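Enquirer: Quick note, the sequences are listed as chains A and B, same order.
Number 89 in our numbering belongs to position 89 of the first sequence; there are no gaps in the numbering.
Number 1074 in our numbering belongs to position 74 of the second sequence; there are no gaps in the numbering.
None of these hints come from the bench; they were simulated from the model.
None of the values given here were measured: they were computed from a predicted structure.
Even glycine gets a Cβ: it sits at the ideal position worked out from N, Cα and C.
One or more hints might be untrue.
Computed footprint of chain B on chain A; a stretch qualifies when at least three of its residues, placed anywhere within it, have a C-beta under 8 Å from a C-beta of chain B [as the list claims (entries may be wrong)]:
#, region
1, 42 to 49
2, 98 to 106
Restricting the straight-line Cα-Cα distance to at most 20 Å, the calculated cross-link-like pairs of lysine to aspartate or glutamate (DMTMM-like) are [unchecked claim]:
#, chain 1, residue 1, chain 2, residue 2
3, B, Lys1026, A, Asp59
4, A, Lys83, A, Glu24
5, B, Lys1056, A, Asp38
A short list of chain A residues far from chain B (calculated; beta carbon distances all over 12 Å) [to be verified]:
#, residue
6, Lys9
7, Leu11
8, Phe12
9, Val19
10, Asn28
11, Glu72
12, Thr79
13, Ser94
14, Thr112
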Amino acid sequence: DGGITQSPKYLFRKEGQNVTLSCEQNLNHDAMYWYRQDPGQGLRLIYYSQIVNDFQKGDIAEGYSVSREKKESFPLTVTSAQKNPTAFYLCASSVATGIEQYFGPGTRLTVT
Amino acid sequence: SQQGEEDPQALSIQEGENATMNCSYKTSINNLQWYRQNSGRGLVHLILIRSNEREKHSGRLRVTLDTSKKSSSLLITASRAADTASYFCATDGMGNDMRFGAGTRLTVKP
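Put together the whole structure using the sequences plus the hints.
Expert: If you want it as structure tokens, here you go:
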């Protein structure tokens, strides 16, 4: 899983609560990404950031928010507006966009 | 939207056999990458092939790219039980982000 950490590994929340997933990297990478993976499916891009203080929406950004105040950190908040938040969330980073990405171990979020 | 689509969705082979997985994509690319994911874990980068390359090798892996057909294949030779995982292709397509396919689930039986 390289130099990317995600915490916690498992997260449980009640419906209607916001929850923030942590992603930290010590690889000195400029670009960072958040993906969502549902059982038996591929990855869908939520948000990505090419540089500090800048980020762009991916394909499924609705109900999610991010910040990139530090190069090492790219936290993802799953808001109560996200209709179906239960999923496996993966964070990744790369030297620049469009090239090899290094992935964290993932956070499995369950909302009941 | 997913750019790449892997085929087959699932593949089951015996140890020692070769495994071939295919990926098709829709738009022009700068490069195509293959990743591996063990169950419940993060993805691991396997190989990157640029649009001006046709074939690339890395150990037991061989990747081909046909930009005229917008397709790529990943061949794993002499498979081992430890190769059991899901394999994804990813393309850089339009913009600065990556798009992943739904993956091929490979099972290698000992």
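Enquirer: Any of the earlier hints contradicted here, and which numbers?
Expert: Failing hints, ascending: 4, 5, 6, 13.
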